[in-house]
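Undergrad: One letter stands for each residue in the lines below.
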Amino acid sequence: MFGCHTGNFSYAENDLTLTIDRSGPVPRYERQCGSDHIRKILALSPEAAITISPVEPVNLPMEIAHHLEIVFPRIIMQPGESMTANLKFPVEIGVFLQAGTDTSVIDIFSLNQSKYSLYGKPVTGLITRYYESDIYHEPPGTDPHREGVMALCIRNRYAGAVEVSRAVFDCHAMKLFYGSCVGMNAVMEIMSSAIAITSFEDKAPAGSPIRGIDLYSSRKLPIIPEQGFFMESGVV
Amino acid sequence: MILGDIFNFNSTISELSENAEAVTEDFTWGDVLFVILLFVAAYILGLVVAHFMKLRLSHKMEKGQLELASALVRALIIFAALALALPGLFHLSMAIVLLLVIGCIVVIAMSSSAVVGNAAAGVGLLYERTFSAGDFIQVSDVTGTVVSVQLLSVTIRTPSGVLVRIPNSMLYNTMLSNFHAHVARRYTYEVGIRYEDSSDRAIAIIRTIVESHPFVLKNPAPETFVSDIDPSSIRIKCRFWVPSIWANTQDDLSLRTAFLPRIKDAFEAAGIEIPFPETTVRLIGSEPESADKGR
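Heads up: the sequence lines are chains A and B, in that order. For the first sequence, this note's numbering gives the first residue as 1, with consecutive numbering after it. For the second sequence, this note's numbering gives the first residue as 1, with consecutive numbering after it.
Hints listed in this document are in silico derivations from the structure and should not be mistaken for laboratory results. Model, not experiment: these values are computed from the prediction. Incorrect hints may have been included.
[Stated by the list, open to error] Below, in silico cross-link-like pairs of lysine-lysine (DSS-like), each with a Cα-Cα straight-line distance of 25 Å or less: (1) 218(B) to 237(B); (2) 54(B) to 115(A); (3) 121(A) to 60(B).
From just these sequences and the hints, can you work out the full model?
TA: Structure follows, in structure tokens:
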């Protein structure tokens with residue numbers, strides 16, 4: 001389903017039906033996802049393309065969080081050690097209208113149930129999109145319309161052993177790729193037993209060669225690129 | 001020297017009468033044009049300063065507070081310009097100007113103490129930063145989203161769509177709750193079940209419903225427990241946290257309808273009943289008709 005579509009397009013699986021019909025007198029976009037149904041009339045130029053791409057998973061059912069929190073089984077890391085953990089993360093799907101250099105959002109939907117959490121304290125913490133994942137040594141097989149695979153490189157820069165079981169990411173800086181699966185590369189630098197810095201690498205994982213559309217860029221939001229997200233409310 | 005002039009009322013009154021004559025003689029349209037130009041310059045300077053404040057302070061102050069502060073600064077600049085221009089126009093000494101200013105302040109304070117009080121409270125609110133535009137607050141029995149914070153009043157839009165203007169002095173002197181100050185809020189619901197129903201089963205049902213809701217936070221985890229045993233029911237309390245930004249878009253009624261009907265339906269499906277209060281009255285000397293099921 002992912003990719004650039006210049007003609008008619010139709011996709012159907014269990015809970016999802018998506019149609020882009022440009023043949024009739026009134027081009028239309030129609031999508032049914034569970035009980036959620038949307039239908040839009042498209043006024044398109046012939047060269048306009050519609051791209052379906054995975055997007056940052058923080059938009060549904062309501063845009064209240066900008067951070068993704070993945071909780072995984074505890075890892076105890078020795079000082080100076082590093083390891084790569086493959087984690088699953090939820091996928092949201094964006095449908096974009098591309099004309100020249102301009103990209104506009106037509107629709108965003110998801111086959112996943114959202115869950116939120118609080119990272120930190122109610123006074124100083126932040127609301128995160130919550131997701132639980134096992135740790136996989138090899139990239140696991142996933143349904144790319146529901147889950148992606150994050151290759152998270154965890155490095156312990158602290159002088160002591162550290163337990164880590166959660167990673168929080170700023171989705172403004174997320175760099176998603178797609179192909180046969182949805183994937184991304186991320187890094188988690190552990191600075192102390194309670195502090196870590198997470199960031200994304202602009203590098204395509206195996207099996208996901210195509211760069212996804214950044215939703216925040218397409219919405220033309222003035223995002224200041226940061227070096228990474230500072231996890232200061234704990235890594236467990 | 002100036003203080004001496006101020007307290008020398010005979011000389012100031014005679015000076016005023018002399019000035020009145022001088023003004024009628026020396027008053028020119030050029031002076032009026034000068035005052036107008038000074039006023040316009042002060043207005044433009046106020047706009048420039050407000051723009052500069054917006055650029056430099058927008059990341060440090062909330063929008064409403066910044067608007068209030070820039071309005072104050074602009075008013076001060078215009079006041080200063082008038083204070084500079086008018087003495088020259090009417091040929092008044094600084095002593096006379098001070099007397100006039102003090103007189104104006106006294107008259108304004110006496111005639112409109114409420115306005116002055118509201119303005120002072122507005123400055124106090126600006127300093128305290130208890131809330132800002134966009135926050136969901138409760139003042140007395142008014143609850144709603146803050147639309148604007150002005151020098152004299154704050155405007156609130158209630159969930160039912162009513163616009164309410166609250167004077168700043170009232171806000172300053174009453175208890176105020178800001179539901180938007182922290183990122184998460186805790187809600188508590190309580191239901192009762194019969195004595196013969198299993199409280200463990202009821203707790204499991206409530207927990208399942210609450211945890212399946214997307215906006216009930218995973219952490220801090222929801223808590224469900226038997227909170228009380230009253231004469232007619234076992235009370236079960238459920239506490240959970242939701243994001244403030246979501247809760248503020250709902251009113252209390254819609255939050256309740258998100259959970260309580262589902263809990264009631266699930267209880268009914270599981271054969272658990274929510275009892276109504278009942279009292280058994282026995283007359284002295286009469287025999288009880290049947291066992292009271294352990295109550």
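Undergrad: Does each hint fit the structure? Answer for all of them.
TA: Verification of the hints:
Restraint check for residue 218(B) and residue 237(B): the C-alpha separation of about 18 Å stays at or below 25 Å, so the hint holds. Annotation: proposed proximity of residue 54(B) to residue 115(A) is violated, straight-line Cα distance about 37 Å (limit 25 Å). At roughly 22 Å between alpha-carbon atoms, residue 121(A) and residue 60(B) fall within 25 Å of each other, so this suggested pair holds.
Consistency note: the structure conflicts with earlier hint 2 alone.
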